[in-house]
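Chain W is fixed; fit chain L onto it per the hints.
There are 2 protein chains.
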Amino acid sequence: MYGGSNPYNYLRHQHVKTLDVYKVLGVSLDSILKLVLEEVTPKPEEKKALERAVSDIIRKLLDVRDKHGWSYDVMHLGSTARDTWLSGSRDIDIFLAFPLSEDERTLEEVGVKAGIEVSEGRYELLYSSHPYVRIEHMGFEIDIVPCYKVSNASQLRSAVDRTQLHQRYLKEKLTPRLCGEIRLMKAFAKGIGVYGAETKTRGFSGYLLELLVLYYGSFLEAVRAASRWKPPIIIDIERYYTPREAREVFDAPIIVVDPVDRRRNAAAAVGRQALSAFIAASSVFLAKPSILFFKPPQRRLPNEVSEHIAVVVFKLPKAPPDVQWSQLEKACSKIRAYMEEHGAQILGSGFWTDEVDTGALAFKLASWQIPEARVHYGPFVWQREASMKFIERHLGREDTAEGPFIQDFRWVVVKKRESDVLKVLKRLLSDSSTMKSIGVPSRIAGSIEEGYKLFTEKNILELKGTRLEAFLTKVIDRTPQYVRWGRRDLNPRPPALH
Amino acid sequence: MYGGSNPYNYLRHQHVKTLDVYKVLGVSLDSILKLVLEEVTPKPEEKKALERAVSDIIRKLLDVRDKHGWSYDVMHLGSTARDTWLSGSRDIDIFLAFPLSEDERTLEEVGVKAGIEVSEGRYELLYSSHPYVRIEHMGFEIDIVPCYKVSNASQLRSAVDRTQLHQRYLKEKLTPRLCGEIRLMKAFAKGIGVYGAETKTRGFSGYLLELLVLYYGSFLEAVRAASRWKPPIIIDIERYYTPREAREVFDAPIIVVDPVDRRRNAAAAVGRQALSAFIAASSVFLAKPSILFFKPPQRRLPNEVSEHIAVVVFKLPKAPPDVQWSQLEKACSKIRAYMEEHGAQILGSGFWTDEVDTGALAFKLASWQIPEARVHYGPFVWQREASMKFIERHLGREDTAEGPFIQDFRWVVVKKRESDVLKVLKRLLSDSSTMKSIGVPSRIAGSIEEGYKLFTEKNILELKGTRLEAFLTKVIDRTPQYVRWGRRDLNPRPPALH
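From first to last, the protein sequence lines stand for chains W and L.
Okay, so the first sequence: first residue is 0 according to numbering that gives the first Met the number 0, each after it adds one.
Okay, so the second sequence: first residue is 0 according to numbering that gives the first Met the number 0, each after it adds one.
Only chain W is shown next, with the shape it has when bound in the complex (with noise of 0.2 Å):
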């Protein structure tokens, strides 16, 4: 698509990988940038495309509402309406604006009956604060999703009716220069990871990112700034809070306050882990820039592991994707904090699914061995009644190891426990009881035990090539990527080609 004139094209071809490269090749940090600027910034053709699609879905909605004589104004939003839409993107938001006197009934109704309408038959119907309609149109995704017209955010019904208003402040204030920073800054948190709003990444969203490089004035100042956040990071561009009061309204690790609407933190979204990998990746990012931070290699298995890995793939029940990461994730804790119960040394845990019918959850075991015997303690020697009990529970019976015997003025037992934490962890899967007893989602529980198919590292490199792959990688070694191509310049060694 793009040019043999590109040279980072030339030299993704060559397997280079590191700024070092770039340096010997007289590439600086603004070439990185406008290289990645070029290949982010969608081409003219692409442009076109997007345009024609938009005016002809718009005359559809406007056609399909006269001819029904609907109330609503269609509105086109989000990234690709003011032009800081990724190359390569296709999702496109319409908006039904219906008038603030319209009931909520009707909007819903007629928001649904015009997506429909205009969807030649194929749609999905989906469920946000309203339900909404996606579309597949001329190659783009489209979500015609219904809201009330409004002005300010006194008037605000429901979330969804945010975005116009989103829409409009920044319509004010982007310039062509600040949507290219915008794109570099979409393209650096997508490249790291932590890119989306949703469950599933818990990271910033487009319009978050927006924000922060409105308020420090390019891609590169918001990373200056980001490697030096320390929680909690308050960030007010319209300045309706002190830091202080911004802080008690808000209880959160960073507190974007959203111009359109004091009362919101448009960074509530942001996880801890998120925002830890945005504040290290911005460091690492300054101190080695490489082309790879926006456009990451795939990761693929190994061909070995040699860790002790657990992987239980099942049957996800049908759900809203954000429904069914935050299930997976309830399940995982559960799950895990079970295992550590019985005790084993989880090193780690992750959740994944197609979100669609798979589900996945993966557990990193420092052994798959725990010793079997665990040190239980009783009440003190001077609790009488107590002790005697103590003692009448545990001596001589079949679990007890050791004791009761005394240790700083306390009795002690030593029980005898499972342990294979395999099986430990196949009794659990086998009995849903169980599981919604320790906190799993029924519906998921209920479904491992239908059936789960269990990988350990001795046949895990099975799912090699499946989609689990990506999120397996990450499972089997946590280290960020973006550490790996800025090694070299924490360790500053001699060019190899100078």
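No lab work stands behind these hints, which were simulated from the structure alone.
All the given hints hold, so there is nothing to weed out.
Identical chains share a label here; the pair holds if one copy fits it or two copies do between them.
30 Å max Cα-Cα, derived DSS-like pairs, lysine-lysine:
| no. | residue 1 | residue 2 |
| --- | --- | --- |
| 1 | K189 | K33 |
| 2 | K415 | K425 |
| 3 | K415 | K463 |
| 4 | K457 | K422 |
| 5 | K457 | K415 |
| 6 | K229 | K388 |
| 7 | K47 | K172 |
| 8 | K415 | K333 |
| 9 | K473 | K414 |
| 10 | K333 | K414 |
| 11 | K199 | K414 |
| 12 | K388 | K473 |
| 13 | K42 | K294 |
| 14 | K414 | K229 |
| 15 | K415 | K473 |
| 16 | K333 | K457 |
| 17 | K329 | K473 |
| 18 | K388 | K189 |
| 19 | K473 | K463 |
| 20 | K388 | K294 |
| 21 | K388 | K414 |
| 22 | K425 | K414 |
| 23 | K414 | K463 |
Coordinates of chain L only, in the frame set by chain W:
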């Protein structure tokens, strides 16, 4: 030695061990105490032999004094002097009391010379606050200890001087009945393993037990009180302090103000373990009295050891027993801490010496294998310089299993380590400089490096029948024996013979 008319002997012969049977036979708590008292009270022949030995040694010491023109008084002190010794005991304390005008060097020289001169050539030179002489004489082991003759605490020059004050104080208070009660108390403390103030036991001295009986009035009342003790326990017979003052002056879990010296806690040597055992055993004894509390059966190694256990046996450098025990204690705790730092989960540890030339350290482990992965926490992501250093130190290194990665705002790395605890232990034991650096006393470190024998569960039964056996039984199973004797009463069943 004791007649067949003693039902205790009869029952012992029949391997009858608990009071259930005494109850069936009509043997009450009173009868038990009567039987025990009969056992522990020295027989007339025994007393006569003791008196003969004492008057003989006193005569000899006076003879050498007069011969040389020395200036001491000879005093017979301790339990044999106040008739509170246990039948079978062979220890006699003879003090040579010098006038306060005597200078210390003369006192030491004369004391030692006199002891050697009456010893018929077989003596041992020992050291408490002064040097003293231990001799064998007419079947008894006699300590000949030089001290100053004092009449009250203000004149005390050393701990041994206090003994004559104890003697005077107790002689005034004791009656034949109380002497019997003290014998019961000593036998009880001995039976449950807390008799003796030495480092080896950190338990109750004979004098302390005498004070407890004096204070509570009888063995049984003392045990009843002890069963209700909760630290800090304060006993101040002469009422020198208010309880609050006593707690301020003495920082200890049990405070028994010495009636002859208000500055001294007569229970200062009592450790948490012995105190706990005394409280717990008193409780169980009252719930289920048994002769076994006074005459515990000898413990034997089992026929099979499945516990994970390491016993290091080595030549112990010559030193006074208290020094040997406390150096072993230190070595044991330091080596234990070292293994724990290396990931071992240690369920218990112990140390032993024959007080001559053999030392032993024992460790009981939950497992010989530990996970080869260890999580190591680094700086927070906003600590930029430290983060870069951390990444540089760990990324791609031989002993890095995973990471660095980010968890909860921090850099984390998983490091590899030795997973075989036995290897960790052996490496340590072969290297006295490492042992010294972690705080193992240097004489012990050097001695172990020169050579040791290691026993694990695989070969520990080779030690059956050796002097280490009783010690090892307690390492393998720390359950106090009195808990087992008391058990039936905690879980009442119909008596089998009723």
